[in-house]
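Chemist: The listed protein sequences derive, respectively, from chains R and D.
All residue numbers for the first sequence refer to this note's numbering, where the first residue is 1 and numbers rise by one.
All residue numbers for the second sequence refer to this note's numbering, where the first residue is 1001 and numbers rise by one.
It cannot be assumed that every hint is accurate.
Claimed, not checked - Label pairs and their in silico Cβ distance ranges:
#, chain 1, residue 1, chain 2, residue 2, range
1, R, H153, D, D1398, 49 to 55 Å
2, R, R49, D, P1368, 42 to 48 Å
3, R, P34, D, P1368, 41 to 47 Å
Keep in mind the hints are simulated off the structure, nothing from the lab.
Here a beta-carbon is modelled for each residue, glycine too, at the ideal position from N, C-alpha and C.
Each chain, letter by letter, is given below.
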Amino acid sequence: MIPVYVCDDEPFIRENLTQIVDSQILILDCDMGPVRALEDPDELLRAQREASVPAIYFLDIDFPGKMSGLVLAQKLRQYDPRGFIIFITAHSDLAFETFRLRLEALDYIVKGSRGAMTGRVQKCLESIQERMQAQQPGQGSYCTVKILDTVRHIPVENILYLEAVGIRHTLRMHLDDELLEFNSSLGHFTQQLGDGFWRCHRSFLVNRSRIRAVHLKEQTVELDNGETCLLSRKAKSEYRAD
Amino acid sequence: MSLAFRLGTVAFTMGMMVLALYILAAGILGRKTHWKSLGIFLLCGEAAQWLTMLIYAFTAGTENAASDLYDTVCYTVMALILGFLLFKACHIPFLHTFTASVLSTFITNTANSLMVQMVEEYAPLFDRQHVLAFVRLYVPYTLTVVLAWLTALILKKSGFYRYFSAMFRSRGRAVLTLLVCYALMCTMPVLQLIVPDVTPDAGYATFFSALIVAGLFFLQFAAMYTAGQDKIRAQEETILQQQAHMALLEELQQEIRAFRHDFTNLFSGLTLQAQEGDLDGIQDFMKRTSSYFDEKLGAEIAQMDGLNNIHLYPLRSLLTAKLAKMRQMHIKGVLEALAPVQGNLGMDTDDLLRALGVLLDNAIEAVPEQNGQVRVVVLQEEKKLYLAVANNYEKAPDLAAVAKKGYTTKGSGHGTGLASYRRIVARCRGCAARTYLKDGMFVQELHIPAT
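Okay, chain R solo, but in the shape it has when bound:
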């Protein structure tokens, strides 16, 4: 069961939305609940610690006199990096791009007629269900990457390989449809990721399960998306010995 939170300081919206979410969960038969309605953002932060994560959060964009929805979402994300955040807003010209990119917010719901809100909530819940199911089979381990003050948990099976570049300790992580560059050392990840990964070169660390072929002659390792990494002489003899 994934806990669901609705946090808005307007009682009318809060109650309405809670009802909508409750009924939609029943209709869609999702593995979600209980739905908790909260008024105060601080209360939500406390409640989050007591229940399990990941969770689903419906958040107001602004709490007058208290923290903004952005700050609240950032705090929630710190504890629950894989949760689902949906914003509730009064106007449609909200700067949603910021929320979507920075906080990976799922969607936003415009306060208005009940019908429109219901449709939007349904869409959100369906999309969450889809994502949860997509994640199920993997269930594997996660690789933790800390970039400045943000912690990301990356499913290990999505990692193709890591590459050390440049003169400073810059690391480039190649994922499916993503590239990540940050300051770290390859040694650190060799330790963290363990046996599933192979140091095939001084500056390459590849995911064993993503290797398509090892070309001994060309001294390269080919991955399942067609990319290639270098193969050192030492790793070559290691490979032969196996």
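Given chain R, put chain D in place with the hints provided.
Modeler: Just chain D now, with coordinates in the frame of chain R:
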């Protein structure tokens, strides 16, 4: 005197020269001493000088000719080594560090010969050789280091590197600077080669010192001149960007005028309906017009709000210019800056502008011809600045290829932008870059730590 003492003395003088070289070069570059590179350079410098000496001894024999040629080669090699070490340690372009090394070689040599001459002139004569060696060699070489240290201190305090780096703005100018510095370094050996009979004396050394002072003045003057030129160019750029901003304001005003015109018409219709008591008609009207204002002016106003939040002025100028360019090209540009953006970043403002410029230019070029969209997010957080540039595309870019050097969709001659972007990111400590595809958008994120 024992051989060990002689060797030790020679090693000491060499070490002192190397030390002076390093201190001065670091001073010219305005950097703190980097102990590890200093250690490496000490070893390399000693080795290079001993090697030169040995080669000289073996090839030229006892004839006292052309030792200056060997010296020049030796100093060039040492300047190369020092340049490389500083390039590694301080992350300054190699051309800068090499030129600084050459310049510092010249200054150190001159200072050293001045010191030697002075000591020779004023020191009393001793018959005991140890003391003689002490006075003749130890004192002047130590003094050279002290002098180099003082010079370096003054250069560092006066921010000489600012002017020095201005000499490298264009390739031609950089090469000229390097040549001038190299020529200076070679003056003394060349003179020795042309007129070998003249033995250097105090007057000679003083002349060179005067030359250095004049040279430094000239350098400073030339650099200040270039810095001034750069400033003028920057100001011209700002004026252009201001004009773009004005154009945006004017456009907004035009639209408000049109909007007002529309609205008066609509309202006169509404008044009629109200008089007739047509409630349904009025409700219908409300429904149609409630989002009218947002549709017409929302985007422009949001853009202005975003720009007004950016207090880092050069950044605002850049964004204004690029958004104006997007408007010209009929690309839908969205800027979001929710919180005021201050300066104090762990990245040079110049680097920040260059990096964001590359991202924006790439985004503008990658959008499809119809319905192009570029979204820019600038978010100031407590500990960092978050930048994101997203664009839609015709054909999904190949991320594996994006990481490779010289990736481009535009044929040969392009693709340097991303490479320099990566260089900037790698240079900035704590910076992180992320490239990914999401919901049909190609997104480039940059996280810059705050100081």
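Chemist: All hints, please: hold or fail.
Modeler: Hints, verified against the model:
1. R/H153 with D/D1398: 49 to 55 Å: Since R/H153 and D/D1398 have Cβ atoms about 26 Å apart, the given range 49 to 55 Å is violated.
2. R/R49 with D/P1368: 42 to 48 Å: 46 Å, holds
3. R/P34 with D/P1368: 41 to 47 Å: For D/P1368 against R/P34, whose Cβ atoms are near 46 Å apart, the range 41 to 47 Å holds.
Hint compliance for this structure: hint 1 alone is broken.
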